[in-house]
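Asks: Below, each chain spelled out in residue letters.
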Amino acid sequence: MTGTAAFISLVLTLLIRGSGVVIGRERPDPVSPWISAAALGALLAELVVRSAAIRFTAVTGTYEALLLFAVFLVAVGLVFRRRTGLFLGLNFLAFALLALASSPVVPSELRPPVPALRSAWLVLHVVLAFLGEALFAAAFVAALIRLADRRRDPADLDALTSRLILIGFPIYTLGALVFGAVWAWHAWGRFWGWDPKETWALVTWLTYAWYLHIRLIGRKRDRLAAMVAVLGFLFTIFTFLGVNYLLPGLHSYL
Amino acid sequence: MKRLGILRSLKTTTVLLPLIAVSALVSSFLSPEDRADWIGGPFFLVPVLLFGVHLAACAVHRLRRAASWRHPSRLGADIIHLGLLVLIAAGLMSSVLRSETPLVLARGDSVLLEGGRRVTVEDLEFRTWADGTPRQWTARLDIDGDAAALEVNHPVRAGSYRLVLTGFLTRPRLTMDTPEGTMGLTPESPIVAGGERLELRRLESAGPGRWSAVVEVDGVERRFVEGRSSGGFTLQSVDLNSAVGILSVRDPARIPAGLALGLIGLGAGWSLVYRLRRPR
Numbered sequence: 001m002t003g004t005a006a007f008i009s010l011v012l013t014l015l016i017r018g019s020g021v022v023i024g025r026e027r028p029d030p031v032s033p034w035i036s037a038a039a040l041g042a043l044l045a046e047l048v049v050r051s052a053a054i055r056f057t058a059v060t061g062t063y064e065a066l067l068l069f070a071v072f073l074v075a076v077g078l079v080f081r082r083r084t085g086l087f088l089g090l091n092f093l094a095f096a097l098l099a100l101a102s103s104p105v106v107p108s109e110l111r112p113p114v115p116a117l118r119s120a121w122l123v124l125h126v127v128l129a130f131l132g133e134a135l136f137a138a139a140f141v142a143a144l145i146r147l148a149d150r151r152r153d154p155a156d157l158d159a160l161t162s163r164l165i166l167i168g169f170p171i172y173t174l175g176a177l178v179f180g181a182v183w184a185w186h187a188w189g190r191f192w193g194w195d196p197k198e199t200w201a202l203v204t205w206l207t208y209a210w211y212l213h214i215r216l217i218g219r220k221r222d223r224l225a226a227m228v229a230v231l232g233f234l235f236t237i238f239t240f241l242g243v244n245y246l247l248p249g250l251h252s253y254l
Numbered sequence: 001m002k003r004l005g006i007l008r009s010l011k012t013t014t015v016l017l018p019l020i021a022v023s024a025l026v027s028s029f030l031s032p033e034d035r036a037d038w039i040g041g042p043f044f045l046v047p048v049l050l051f052g053v054h055l056a057a058c059a060v061h062r063l064r065r066a067a068s069w070r071h072p073s074r075l076g077a078d079i080i081h082l083g084l085l086v087l088i089a090a091g092l093m094s095s096v097l098r099s100e101t102p103l104v105l106a107r108g109d110s111v112l113l114e115g116g117r118r119v120t121v122e123d124l125e126f127r128t129w130a131d132g133t134p135r136q137w138t139a140r141l142d143i144d145g146d147a148a149a150l151e152v153n154h155p156v157r158a159g160s161y162r163l164v165l166t167g168f169l170t171r172p173r174l175t176m177d178t179p180e181g182t183m184g185l186t187p188e189s190p191i192v193a194g195g196e197r198l199e200l201r202r203l204e205s206a207g208p209g210r211w212s213a214v215v216e217v218d219g220v221e222r223r224f225v226e227g228r229s230s231g232g233f234t235l236q237s238v239d240l241n242s243a244v245g246i247l248s249v250r251d252p253a254r255i256p257a258g259l260a261l262g263l264i265g266l267g268a269g270w271s272l273v274y275r276l277r278r279p280r
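Here the protein sequences come in this chain order: D and B. Under the numbering used here, think of the first position of the first sequence as 1, with each following residue one higher. Under the numbering used here, think of the first position of the second sequence as 1, with each following residue one higher.
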């Protein structure tokens with residue numbers, strides 16, 4: 001029920017802010033952030049209800065992971081509510097995740113997590129990884145606008161993309177790699193096992209590390225850096241969803 | 001001197017990072033066996049080792065100039081770089097020194113680990129939720145006289161070994177009448193009797209509460225039904241015992257690996273706090 005409310009709120013957000021773009025309104029409307037905030041509240045409520053039902057933080061299934069990712073996307077979108085492109089892009093991504101969550105390919109029935117998933121390290125791993133990925137998503141939208149819209153100031157968008165990745169990268173490092181490795185040590189007796197999910201998380205991390213080093217070289221390569229930011233997010237999405245369905249491994253349940 | 005400059009140049013980083021990423025990416029499409037060969041092969045190891053040398057050259061250069069302390073913005077990145085260096089060293093160390101043994105133990109089973117410690121399974125507990133999904137598996141162990149509760153996500157130490165509970169399963173045990181008397185046959189322990197080697201392959205249902213066992217007798221699969229004889233062997237009974245899968249791990253690289261993760265975490269934390277506190 002709360003998931004449906006969140007979905008409807010996101011549709012309204014996209015319609016209101018999107019129509020402002022179509023009619024050429026200069027200032028962002030004040031209503032859509034409130035509706036987006038309502039979607040955020042509904043998503044959080046859904047996660048709290050599910051957590052209470054399974055008596056564990058609900059981050060252990062694909063459905064909950066999609067909801068959690070959407071929560072962070074909407075939250076980051078609210079931070080950038082005055083930047084219409086970014087706000088719309090992030091809300092659209094959240095909408096796409098919720099559409100996927102409501103599809104038959106993602107089972108939504110409540111299931112208590114198997115013993116290996118009942119770990120505080122896992123919660124830290126998943127929550128921080130998705131928070132980092134939400135910031136990568138924002139960087140992706142900024143980089144896409146930079147590459148596609150020649151009327152916009154590229155320097156401003158490059159600086160924004162860089163700032164988002166500079167914040168998202170350490171969070172992702174902590175969540176996806178450090179806490180993930182600690183959890184793997186407790187659950188499987190090893191820090192790293194070259195499971196496809198782990199490998200793709202590393203590939204994503206290396207791509208963003210590549211972005212940061214390209215930016216350090218100088219401004220001549222800003223366009224390349226923006227393309228790498230776009231590529232990084234495509235890898236992020238493949239790590240999250242593509243690996244689950246195409247490359248089975250130990251993380252196939254998530 | 002110029003060559004040394006290339007070794008620590010940013011352009012080298014921008015070449016090595018995608019190279020390692022592509023090599024790692026290729027490994028994910030391979031089968032687990034081929035993947036292990038790829039990761040241990042030149043296409044992955046050479047860029048990683050070059051990256052290690054490059055990181056070391058950068059670290060030495062930075063330390064010599066004490067750049068980090070003058071520029072706190074770089075300190076986080078330097079700590080991460082140092083952590084990565086330790087991590088590469090720990091990874092190489094682990095690939096050489098790590099040993100692991102998978103064990104399947106039922107209640108009452110005992111095993112002597114390589115270090116001389118004896119581990120005995122005193123009791124097993126399998127708790128489920130109301131819908132039957134597993135909630136927690138507990139193996140109560142006796143390790144050289146000391147009691148320990150082994151649970152998923154809560155490994156226990158046995159000397160230099162670490163025991164990790166990896167699964168809970170049902171293990172069949174056949175009681176067979178053989179020309180040399182009554183013997184027990186499990187999937188992990190083949191028996192030799194009457195000059196023939198018997199290996200339990202699988203169990204199949206033979207009606208409610210009845211089992212037939214597929215046993216390989218000197219390389220040829222034969223089906224045994226409870227209470228019936230075949231070729232001098234009689235399957236008396238089939239018992240299904242609960243058992244736990246335990247991984248016995250000895251990895252001297254766990255300390256440097258833990259240190260590396262700590263350094264990377266510290267560096268990431270520093271970078272994050274610095275970035276968030278810094279005005280736009």
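Derived by calculation from the structure, the hints in this document are not laboratory data. It is possible that part of the hints are untrue.
To spell it out: a stretch of chain D is covered by chain B in this simulated footprint if at least three of its residues, at any positions, have a beta carbon under 8 Å from a beta carbon of chain B; those stretches are [as the list claims (entries may be wrong)]:
#1 28-37
#2 56-63
#3 168-180
#4 194-207
The structure presented is a predicted model; accordingly, all values stated were derived computationally and were not measured. A virtual CB, placed ideally from N, CA and C, is assigned to each residue, including glycine.
Asks: Determine for every hint whether it applies to the structure shown.
Replies: Each hint tested on the structure:
1. Evaluation of the coverage hint for the stretch 28-37 of chain D: breached, as 0 residues show C-beta separations to chain B shorter than 8 Å, against a requirement of three.
2. Counting residues of the stretch 56-63 of chain D whose beta-carbon sits less than 8 Å from any beta-carbon of chain B gives 0, not enough to reach three: the coverage restraint is violated.
3. Beta-carbon proximity to chain B at under 8 Å applies to 7 residues in the stretch 168-180 of chain D; the threshold of 3 is reached and the given coverage holds.
4. With 8 residues having a beta carbon nearer than 8 Å to a beta carbon of chain B, the stretch 194-207 of chain D meets the requirement of three or more and the stated coverage holds.
The structure fails to meet hints 1, 2 from the earlier list, while all remaining hints are met.
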